[in-house]
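With the hints in hand, could you dock these two chains into one complex?
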Amino acid sequence: MDVPLFQGTRVYLAAHDPESDAEIESRWTHDLDFLHAISSKPALPLSASQIKKIYKKAEKDDKDRFSFAIHTQADQRLIGFVRLHHIEWPHQCGWIKMGIGEAADRGRGYGAEALNLALYYAFCEINLFRVSATVGEYNLRWCDLLKKAGFVEEVRQREALLVNGQRFDALILGLLKEDWNRIRPDFVREREQSLHD
Amino acid sequence: MTRPLLQGELVRLTAIQPEMDAELEARWSQDAGYTRLLTTEPPVPWTVKKVKEEMEKEDSMYSNFFFAIRTLDGNELIGFIGVDSIRWNHGTAWVGVGIGNREYWSKGYGTDAIREMLRYAFRELNLHRITLDVFGYNKRAIRSYEKAGFTHEGTIRQWINRDGKRWDVVFMGILRSEWEALESS
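These protein sequence lines map, in sequence, to chains E and U. Numbering of the first sequence is given in our numbering, commencing with residue 1 and proceeding in unit increments. Numbering of the second sequence is given in our numbering, commencing with residue 1001 and proceeding in unit increments.
Everything labelled a hint here was simulated from the structure, so no lab data went into it. Fair warning: there could be bad hints in the mix.
Stated by the list, open to error - Cut-off 20 Å, straight-line C-alpha distance, at most; resulting in silico cross-link-like pairs (EDC-like, lysine to aspartate or glutamate):
| no. | chain 1 | residue 1 | chain 2 | residue 2 |
| --- | --- | --- | --- | --- |
| 1 | E | K63 | U | D1084 |
| 2 | U | K1165 | E | D179 |
| 3 | E | K177 | U | D1084 |
| 4 | E | K41 | U | D1084 |
Claimed, not checked - For the chain U half of the interface with chain E, some residues (derived, Cβ under 7 Å), not all of them:
| no. | residue |
| --- | --- |
| 5 | T1040 |
| 6 | P1042 |
| 7 | P1045 |
| 8 | W1159 |
| 9 | F1171 |
As the list claims (entries may be wrong) - Some chain E residues well away from chain U (every beta-carbon gap over 12 Å; in silico):
| no. | residue |
| --- | --- |
| 10 | D2 |
| 11 | Y12 |
| 12 | A48 |
| 13 | K56 |
| 14 | R65 |
| 15 | T72 |
| 16 | R83 |
| 17 | K97 |
| 18 | G109 |
| 19 | E113 |
| 20 | C143 |
| 21 | I172 |
| 22 | R184 |
Ideal Cβ positions, reconstructed from N, Cα and C, are used throughout, including at glycine.
The following block holds chain U by itself, in its conformation from the complex (with noise of 0.2 Å):
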């Protein structure tokens, strides 16, 4: 066995807990410019007694395989990533990721944390792809996503109705041949 599962350069992924993460995921969704960057449905803010009830609840979006991140110096919670929509018979799945403490954005920590994701996904769970979509004026998290080797695959046109303009869903993906392709570069 080589390195540790799920510990990358700047964060751990660890489990879930209600009890101490709720607050800060309750006060993330509040900030309807991050919350906008997760999700088409209309942002909605939660109460942290909601949120600890979805958290321990078996079929949530925090269930599955949904991780909380963790900073590696500190152990500061910083946002949550997970896997969903698995397809075992195609070896499929979604993975989804949000940070939500501003001051981490743009420093690499978004990234760090999908690479432990994929090296979950490829090495742990065995898929063959992985796919996700983003939200056309989410530039930084583009980015980001190409940076851990995700590749375009398309566009949908004008999904998005916001602020009054019609914005595009981008969809990218990353097979494990490309995942292991980098992995030994």
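So here's chain E without its partners, still in its complex pose (with noise of 0.2 Å):
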């Protein structure tokens, strides 16, 4: 049992702290790229206070969500965030969603693991069947990522989404935890290695 459920060797999972993450997102709020990967609401930026506002409001639908901030181990500096959303519990489903902030902090490996964490809880903590997560097919990263970690292409909506002037289609990918199992990421055989040591 004595997993550690939030701890990867180069990310953390921790609570989101308004008072002292408002900021650095209202930063994020202003990339663009970071906007457009993360949702297909018209980009806005907003001020700290508005993302405190907006914390408030997520606390009245926590019963279906599990946000968490994601942090660098070797400073302990928030770098993202990533969520298990719209949980419908007599179907065991749900959908992920994740953002890293700063654009010198994608790529490095960081978005991997901390995936990979929130899958492990997703799967062995709320012992969810199914996660899916909706993705713009320019979004390479994400997309790349997630098929990574053993999703798989179940929907493509064609042209639904009309960015920079250019039309994409929306693709939703899925991972049941039966393949997720199969799959056994060198990360879940290392966290299940650590139970019997």
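Printed below as a string of structure tokens:
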């Protein structure tokens, strides 16, 4: 039972702390690539106080969402978020969403590890049967991360996104627990190993 | 202007009138075999009062562009239809439809309502595409959407857990260009 649920080797998952996080997250919302990667809503820069309000509002539907701040192990720096949301408990299904705020922190393996931690939480702690993710086909990095974790493309909504004047498909990717179990990323193996040591 | 908006060959789409319509909707909410076609949420019977309150709320499933489906002959309420989750920046929305009166199943009423809803979405809201999802066990609806011009866009595997079994959810979509081609043929 002594599994380090929130600890990876390079990142860890922590509670959101609006007091200290809002300022940093506000900076992220001024990056168009970040906003287009995490949402299909119109890009909108938010102030720190607007972000605090959003956190307040989110507390109301916290029964069907689990949202974590991603921090680096090296310097405890806030670098992003990962969130399980719209969980349908009767069907044991949910959605996952992740964002790494600063361009300099992308493509360095932080996201991959955070995704694995969140999936471990989804399948082994809250016992979901499957996890889904929506992704714009232009978002190659997120798509690639998901596929490496075992997700497969299930739905292609043709021309559902209009971004920077160009039409893109919206994809839905899905991962069943049984597939995730079978694929057994090294990450999970190591985790289980630590149980028997 | 060509033909009246929201009027098909079998049905017309009209405003929802809570005073009149809540009673039937409440009765249909007792029919779990019906409501299990509409939502992944556990079916719950609703009182007339609760339905009326929902219908009168500013921001409920009956708001947005939701209409009552009434028969052309007899003006009888047989179901509801609407588009929601509109993303104006992308020109996209979702459509949802339910025929609560089982006597009107498999007779073309649903398909007729969908066709009129699509005309409204493409000619009045000027959207680019419409999406829907439908449960794998709802073969009747899937056939109807195919008839109205929707294309299969994929399947979410085993999303739904009902009666001890896992069921897929089918995704379908129609582009404005595809609808225009159907209209002119």
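Query - Straight-line alpha-carbon gap K63/E to D1084/U, limit 20 Å - result: 24 Å, violated
Requested in this report: Measuring Cβ to Cβ, find out whether T72/E lies farther than 12 Å from everything in chain U.
Outcome: Check passes; 34 Å lies beyond 12 Å.
Requested in this report: Mind verifying the non-interface call on E113/E? Its CB should be farther than 12 Å from each CB in chain U.
Outcome: 26 Å, holds
Query raised in the report: Is it true that the CA of K1165/U sits at most 20 Å from the CA of D179/E?
Result: 18 Å, holds
Query raised in the report: Is it the case that K97/E keeps its Cβ farther than 12 Å from each residue Cβ in chain U?
Result: Holds, because the least Cβ-Cβ distance between K97/E and chain U comes to about 16 Å, which exceeds 12 Å.
Query raised in the report: Closest CB-CB distance from C143/E to chain U, is it above 12 Å?
Result: At roughly 15 Å from the nearest Cβ of chain U, C143/E sits farther out than 12 Å, so the non-interface label holds.
Query raised in the report: Close enough to count: is the Cβ of P1045/U nearer than 7 Å to one in chain E?
Result: Violated, because the Cβ-Cβ distance from P1045/U to chain E comes to roughly 17 Å (cut-off 7 Å).
**Report entry** Status of Y12/E, Cβ more than 12 Å from any chain U Cβ
**Finding:** Holds, since 31 Å exceeds 12 Å.
Report task. With 12 Å as the threshold, tell me whether I172/E passes as away from chain U on beta-carbon distances. Result -> 6 Å, violated
Query raised in the report: Is G109/E truly not at the interface, in the sense that its beta carbon sits beyond 12 Å from all beta carbons of chain U?
Result: G109/E is indeed farther than 12 Å from all Cβ atoms of chain U, at 29 Å.
Report task. Given the hint that K41/E pairs with D1084/U, test it: the Cα-Cα distance must not exceed 20 Å. Result -> Satisfied, since the Cα-Cα distance of roughly 15 Å is no more than 20 Å.
Report task. Against chain E, run the beta carbon of T1040/U and see if the smallest gap drops under 7 Å. Result -> 6 Å, holds
Checked against the numbered hints given earlier, this structure breaks hints 1, 3, 7, 21; the rest are met.
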